[in-house]
Amino acid sequence: MSRLLEGIVEAVRLIISLDPYLLQIVLLSLRVSITAIIIATIIGVPLGALLGLKTEKKTRLINKIIFTFMGMPPVVAGLIIYLILSRQGPLGVLGLLYSPSAMIIAQVFLASPIVTGLTMVGIRAKGGEVEETARSLGASSTLTTWTVIKEARYSLLGAIISGFSRVVAEVGAVMIVGGNIEGHTRVMTTAITLETRKGNFELAIGLGIILLIISFFVNSILYNIQKGGKKD
Amino acid sequence: MKIRNKGLLYKLILGLMILSAFLLVAGCGEETAPAEEPAEEEETADEPELIDDYITLATTTSTYDSGLLDYLNPIFTEQTGIEVQVVSQGTGAALETGARGDADVLLVHDRASELQLVEEGAFVDRYDVMYNDFIFVGPAEDPAGVGEVSTAAEALTRIAGSEETFVSRGDDSGTHRMEMRLWESAGIDPAGQGWYLSIGQGMGDTLNMANEELGYTMTDRGTFVAMEDNLDLVIVLEGDPVLFNQYGVMAVNPEKYPHVKYDYAMMYIDFLMSDEGQELINSYQVNGETLFFPGYGLE
Amino acid sequence: MKGIKKFYDKEVLHIDSLKLIKGSIYGVIGPSGAGKSTFLRIINMLTMPDTGEVYYHGQPFPLSPSERLLLQRKMALVFQKTLLFKESVWNNIAFGLKARRYTRAQIEKRVNALLEQVGMKDLANRYADTLSGGEAQRVAIARAVAFEPELLLLDEPTANLDPSNIELIENMILKLVHSKDITVVMVTHNVFQARRIADRVIFINQGKVVETGPTEKMFNEPDCESTRLFVEGRMVY
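Protein chains in written order, with our numbering: chain A, 1 to 232; chain B, 233 to 531; chain C, 532 to 768.
Derived from the structure by calculation, the hints contain no laboratory data. Glycine included, each C-beta is placed from N, C-alpha and C at the ideal position. There could be a bad hint or two in this list.
What the hints assert, rightly or not - In the DMTMM-like style, the derived pairs of lysine to aspartate or glutamate whose C-alpha atoms are separated by at most 20 Å in a straight line are:
| id | chain 1 | residue 1 | chain 2 | residue 2 |
| --- | --- | --- | --- | --- |
| 1 | C | Lys612 | A | Glu131 |
| 2 | C | Lys605 | C | Asp712 |
| 3 | A | Lys150 | C | Asp660 |
| 4 | C | Lys640 | C | Asp653 |
| 5 | A | Lys126 | A | Asp19 |
| 6 | C | Lys629 | C | Glu681 |
| 7 | C | Lys629 | A | Glu202 |
| 8 | C | Lys612 | A | Glu10 |
| 9 | A | Lys126 | C | Asp660 |
| 10 | A | Lys58 | A | Glu131 |
| 11 | A | Lys126 | C | Glu618 |
| 12 | C | Lys629 | A | Glu131 |
| 13 | C | Lys629 | A | Glu56 |
| 14 | C | Lys617 | A | Glu56 |
| 15 | C | Lys553 | C | Glu747 |
| 16 | C | Lys617 | A | Glu132 |
| 17 | B | Lys488 | B | Glu373 |
| 18 | A | Lys150 | C | Glu618 |
| 19 | A | Lys54 | A | Glu132 |
| 20 | C | Lys706 | C | Glu742 |
| 21 | A | Lys150 | A | Glu131 |
| 22 | A | Lys57 | A | Glu131 |
| 23 | C | Lys617 | A | Glu129 |
| 24 | C | Lys553 | C | Glu681 |
| 25 | C | Lys605 | A | Glu56 |
| 26 | C | Lys550 | C | Asp754 |
| 27 | C | Lys612 | A | Asp19 |
Unchecked claim - Sample of chain A residues at the chain B side, in silico, Cβ under 8 Å:
| id | residue |
| --- | --- |
| 28 | Leu97 |
| 29 | Glu182 |
| 30 | Gly183 |
| 31 | Lys198 |
Please model the complete structure; the sequences and the hints are all you need to start from.
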């Protein structure tokens, strides 16, 4: 019991003193996950919008595939990306394995289906009506699509944030493709795993607290957005 | 739906019961057959009465990954009925787990730390149970020329000098601690160097990364031999006496943690230290190579 | 302007021939499910007829998307289930003008003038989701007339509204139409509303145009028996 308390006190001290090791890990985590979510957004939002504007009948098979990928266990994603990037893999020549780029690729792989799927659902909910309203007011197809996306902006932000929450907290994929190399590919989740195994709880707790704070922050935004979507 | 699932569940449980009953009978049969003669000599109360319990063994990844425990533990369980639940970690974490009372018995390899912790009262009944050796492995081309030298210190000096990639466990395991001592004795501080990758993972992951990155690493022979088929790495250095690695077995101190299963832990230790146990360790081979040698191997 | 419109739809709507005359207010009446909404959607090109053609200014509806867009921009449709964009009232009304690439200054001038005309200046900065049903419907109509379409299609503009709101909206429609010379086709299930507003009435039943004519004639001495029954409030089958 006192051990946990000591751990928390020490962890808070590490956070407040901006311990360089801890800071570096947090910054790398954010860099990797934010980059991944930006790429996933670029892929997922237009794709989700496109699918969302089609009737459900036409995209039934694609829906099933996307929903399957949305629930993919991170370690499986990690394994797939590992095999692709490994020296014997099809993209082995790029030499990307065990680099932040590899982690970004794995996280894009995890986040894109979530962003796509949730965008699709969000757009499908109101997309048809918005589309007809825009067209009836003389909007071109470009403006119509843009309006549909804009009208679904709360769902889209929700989709993006859900994707981010998932990748920033996952450990399986980044461990496999990043390799948890100190100062190079060590992120919050892999560091927590390692420090716990080493019995070095202060750092693990410190990182855990930061991860919780980020999660709280991100979910607060999500909560406010969803509230804003109803009334503002 | 529910009823069907329930049916399935019952069938599964029934199946497992039948299976375990079968295994138990088989176990008894084997036990009683050769034990019949001596059983008559001893007391009748000492019939093969199996203990239905388990102990938790905190150990290092090397003993587990090499397959040794999968070889030894079923024999122990067959003889005593005690299941062995294995928690495999780095030595540092395993010692920590034991020192917190979260395990009953330890099988680790960091002699200095072990003796110190026994001194401090965390563990009791420590024995030198077996040893293996560490080796240096690297790409077949051996760009750092490690194959031309014969001591670990020279090998590390060459790797550092050529700035070839070296993958370190970095997980505070016995292997990692040994590696750190070797760097120290070579007078090199590799921390923070671009070619030095500290990854905080197990031996298998470390070997995989060295394989992928065309780098060097230090490994216990057992894990390397077990994984050799999937690796392009070759042994570049072996046989330096400083690379011998002593394993110790010890029980968690029951005076400090009354809840630990000290009696069962001692049965496990006695099993490993018995002539039979030592012979079993010696006979365990992977790919035709003996990985662990019984007893005390230093000096 | 002479608009000749003719279309065909096997299941829902079957119209052999129908002309709409510029500058009139048409009331489209008929029982639920008669095909009134489909009728509007086909005029607006949101739904394509399976066979037949619609003519506009004597020309058949064009097939190329760009030409169609140009033609579509001369019309506006206000749906039965109004959807306002999640923005301010002002931005909602400006939408059609923005779509037609009016300059910022033109948009401001027109939107402000329209808000003034329909007495909704105080609503300008309100967020769409905070409006009442009646206010939302008025914004939707203002949004549709802001770019001064030649043809305004209204689908049940006062459904589910209380009498005072209905009156507000009817007055608004009349005011706008007369000041801007817009042809209106208004679908309504309410025959009294058609009588109050429309110059001419189209009676649709079971997907067919039964009768069309000036409002007074349709209510007082219709040619068809079923029209007479319907305007008297009795059902026809």
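For each hint, the structure was consulted:
1. C/Lys612 x A/Glu131: OK: lysine 612 of chain C and glutamate 131 of chain A at ~13 Å, within 20 Å.
2. C/Lys605 x C/Asp712: 13 Å, holds
3. A/Lys150 x C/Asp660: Holds, because 15 Å separates the two Cα atoms, which is no more than 20 Å.
4. C/Lys640 x C/Asp653: Distance ~16 Å between lysine 640 of chain C and aspartate 653 of chain C Cα, so the pair holds.
5. A/Lys126 x A/Asp19: Violated: lysine 126 of chain A and aspartate 19 of chain A sit about 48 Å apart, past 20 Å.
6. C/Lys629 x C/Glu681: 18 Å, holds
7. C/Lys629 x A/Glu202: Cα-Cα ~58 Å, so violated.
8. C/Lys612 x A/Glu10: 60 Å, violated
9. A/Lys126 x C/Asp660: Roughly 14 Å separates the two Cα atoms, so the pair holds.
10. A/Lys58 x A/Glu131: The given pair, whose Cα atoms are some 18 Å apart, holds under the 20 Å limit.
11. A/Lys126 x C/Glu618: It holds: about 15 Å lies between the C-alpha atoms, which stays within 20 Å.
12. C/Lys629 x A/Glu131: Between lysine 629 of chain C and glutamate 131 of chain A the Cα gap is close to 16 Å, so the pair holds against 20 Å.
13. C/Lys629 x A/Glu56: 31 Å, violated
14. C/Lys617 x A/Glu56: Not OK: lysine 617 of chain C and glutamate 56 of chain A at ~25 Å, beyond 20 Å, violated.
15. C/Lys553 x C/Glu747: 19 Å, holds
16. C/Lys617 x A/Glu132: 15 Å, holds
17. B/Lys488 x B/Glu373: Distance ~53 Å between lysine 488 of chain B and glutamate 373 of chain B Cα, so the pair is violated.
18. A/Lys150 x C/Glu618: 10 Å, holds
19. A/Lys54 x A/Glu132: 13 Å, holds
20. C/Lys706 x C/Glu742: Cα-Cα ~27 Å, so violated.
21. A/Lys150 x A/Glu131: Roughly 11 Å separates the two Cα atoms, so the pair holds.
22. A/Lys57 x A/Glu131: 18 Å, holds
23. C/Lys617 x A/Glu129: 13 Å, holds
24. C/Lys553 x C/Glu681: 8 Å, holds
25. C/Lys605 x A/Glu56: 32 Å, violated
26. C/Lys550 x C/Asp754: Measuring from Cα to Cα gives roughly 18 Å; hence the hint holds.
27. C/Lys612 x A/Asp19: 58 Å, violated
28. Leu97: Constraint on leucine 97 of chain A satisfied, holds at 5 Å.
29. Glu182: Status holds, d = 4 Å.
30. Gly183: 7 Å, holds
31. Lys198: 4 Å, holds
Hint compliance for this structure: hints 5, 7, 8, 13, 14, 17, 20, 25, 27 are broken, all remaining hints hold.
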